[in-house]
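Trainee: Input sequences plus hints: build the corresponding full structure.
Here the numbering used here runs 395 ahead of the position in the sequence shown, where the first position is 1.
The reader is advised that the hints may include incorrect statements.
Claimed, not checked - Under the rule of at most 27 Å between Cα atoms (straight-line distance), these lysine-lysine pairs were calculated in the DSSO-like manner:
no., residue 1, residue 2
1, Lys627, Lys647
2, Lys501, Lys438
3, Lys663, Lys647
4, Lys549, Lys663
5, Lys627, Lys655
6, Lys647, Lys549
7, Lys655, Lys629
8, Lys438, Lys423
9, Lys630, Lys549
10, Lys592, Lys672
11, Lys438, Lys503
12, Lys417, Lys442
13, Lys423, Lys440
14, Lys501, Lys440
15, Lys440, Lys647
16, Lys627, Lys567
17, Lys417, Lys549
18, Lys629, Lys647
19, Lys567, Lys442
20, Lys662, Lys672
21, Lys662, Lys549
22, Lys423, Lys501
23, Lys662, Lys647
24, Lys672, Lys655
25, Lys662, Lys629
What the hints assert, rightly or not - Estimated spans, in silico, between C-beta atoms of each pair:
no., residue 1, residue 2, range
26, Leu413, Lys655, 45 to 53 Å
27, Thr682, Pro458, 34 to 42 Å
28, Asp588, Arg552, 34 to 42 Å
29, Pro587, Arg552, 33 to 41 Å
Think of the hints as simulated: they come from the structure by calculation, not from any bench. These figures come from a predicted structure and were not determined experimentally. Glycine included, C-beta positions come from ideal geometry on N, C-alpha and C.
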Amino acid sequence: MALTVAAIQAPIATEMTLFEQKFRDLMKSEVMLLDQIMNYIVKRKGKQLRPMFVFLTAGVCGPITESTYRGAALIELLHTATLVHDDVVDDSNYRRGFFSINALWKNKIAVLVGDYLLSRGLLLSVDNGDYELLQIVSRAVREISEGELLQIEKARRLDITEDVYYEIIRQKTASLISACCAAGARSADATPDVVEKARLFGEKVGIAFQIKDDLFDYGTAEVGKPLGIDIKEKKMTLPLIYALRQAGYWEKRRMINIVKNESENPKKVNEVIAFVKQSGGIEYATTAMEQYVTEAQTILYSFPESPYRTSLEQLVQYTIERSK
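Mentor: Here's what the structure looks like:
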């Protein structure tokens, strides 16, 4: 039977309901325009996987405290700020099937909203003395920015090696999930060693999560992001990196030329997709993803058995079995 978010959430169902209320209260503003935008953001929230990682890791490591709620809120505030700014940078009009903030209220307001969310998160931590949580999450935001810039720099030359690819996804995606797990552990008063163990667990999950996302580009699920979107955006992902490494000189040059100069042509994009599939790129990336999941599970099993640990194991499984 397929895993559901509701089933995974069971041990923290009460905490998640309370968190939603606390987060709504936190997002309220005296400025009518800002309050309107905050309401829009709250209403179109996703599956809330990040707060789930925070609460479940806290439950695995010790008692869930008020600090856990603030850690989850800090993650959501800073992450939402980066997404709002990302949509401006990418000139994107949609986010998870809804209009983006910049599409509805224009770039200037979107940038200011991102700044507001960032400051809201900083104040939440400073006002409550959660300096260690602030350090954990701020480090993740810095890494996300560095990862984005590294990807942009490499996309210009299309010279991404597998090592560079892993560094980009570690920073861009895994750093946030690792921050969720580290923040959850810290909020439960875990020792520095346990916090680091939780962080490493989150990092492994985050890397597996991103490889799964990259596989969607090749039609490995019936739903999900549009086919070939990474190729159109000139992103070098693991299946393509592997396929190019297996290719002869001329075939490699031809494929790189398509990605660089003809990525808007659907027929050419399909050529690249077929090339990756024939080269074993899908199987290679899937094996790599499964290896990271195994490493994450090994770390997780070093924690005491509990309903929280079971749900965390299911959440890991959910992130790599998802179809979108």
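Trainee: All hints are to be evaluated individually against the structure, with a verdict given for each.
Mentor: Quick rundown of the hints versus the structure:
At roughly 17 Å between alpha-carbon atoms, Lys627 and Lys647 fall within 27 Å of each other, so this suggested pair holds. Simply put, Lys501 and Lys438 have alpha-carbon atoms about 19 Å apart, close enough for the 27 Å limit, and the pair holds. For the proposed pair Lys663 and Lys647, the alpha carbon gap of about 14 Å is at most 27 Å, so the pair holds. This hinted pair checks out: Lys549 and Lys663 have alpha carbons roughly 22 Å apart, not beyond 27 Å.
A hinted pair counts as satisfied when its Cα atoms are at most 27 Å apart, and Lys627 with Lys655 qualifies at roughly 9 Å. Between Lys647 and Lys549, the direct Cα distance comes to roughly 17 Å. Compliance with the 27 Å bound is thereby established for this hinted pair. For the hint linking Lys655 to Lys629, the alpha-carbon distance of about 7 Å falls within 27 Å, and the restraint holds. A C-alpha spacing of about 13 Å is found between Lys438 and Lys423, which places the hinted pair at or below 27 Å, so the restraint holds.
Taking the CA atoms of Lys630 and Lys549, the gap is about 9 Å. The hint holds against a cut of 27 Å. Restraint check for Lys592 and Lys672: the C-alpha separation of about 36 Å exceeds 27 Å, so the hint is violated. In summary, the hint linking Lys438 to Lys503 is supported, as the alpha carbons are separated by about 22 Å, within the 27 Å threshold. Using a Cα cut-off of 27 Å, the hinted pair Lys417 and Lys442 holds, with the two alpha carbons roughly 17 Å apart.
At roughly 16 Å between alpha-carbon atoms, Lys423 and Lys440 fall within 27 Å of each other, so this suggested pair holds. Restraint check: the Cα-Cα separation between Lys501 and Lys440 comes to about 20 Å, which is no more than 27 Å; the hinted pair holds. Of the pairs offered as hints, the one joining Lys440 and Lys647 is violated, with about 41 Å between alpha carbons and a cut-off of 27 Å exceeded. With a C-alpha separation of about 19 Å, the suggested pairing of Lys627 with Lys567 holds against the 27 Å cut-off.
Annotation: proposed proximity of Lys417 to Lys549 is violated, straight-line Cα distance about 41 Å (limit 27 Å). Pair hint Lys629 plus Lys647 holds up; C-alpha atoms about 15 Å apart against a cutoff of 27 Å. Our distance criterion of 27 Å between C-alpha atoms is met by Lys567 and Lys442, whose separation comes to about 19 Å. Note on Lys662 and Lys672: the hinted pairing holds, with a Cα-Cα distance of about 15 Å set against a maximum of 27 Å.
Distance check on the hinted pair: Lys662 and Lys549 sit about 25 Å apart at the alpha-carbon level, within 27 Å; holds. Taking the CA atoms of Lys423 and Lys501, the gap is about 21 Å. The hint holds against a cut of 27 Å. This hinted pair checks out: Lys662 and Lys647 have alpha carbons roughly 18 Å apart, not beyond 27 Å. Our distance criterion of 27 Å between C-alpha atoms is met by Lys672 and Lys655, whose separation comes to about 19 Å.
The straight-line distance between the Cα atoms of Lys662 and Lys629 is roughly 16 Å, inside the 27 Å bound, and the hint therefore holds. Distance hint for Leu413 and Lys655: a CB-CB separation of about 50 Å, consistent with the stated range 45 to 53 Å. In this structure, Thr682 and Pro458 meet the distance hint of 34 to 42 Å, their C-beta atoms being roughly 39 Å apart. The beta-carbon spacing between Asp588 and Arg552, approximately 40 Å, falls within the hinted interval of 34 to 42 Å.
A hinted range of 33 to 41 Å holds for the C-beta pair Pro587 and Arg552, which are about 40 Å apart.
Checked against the numbered hints above, the structure breaks hints 10, 15, 17 and satisfies the rest.
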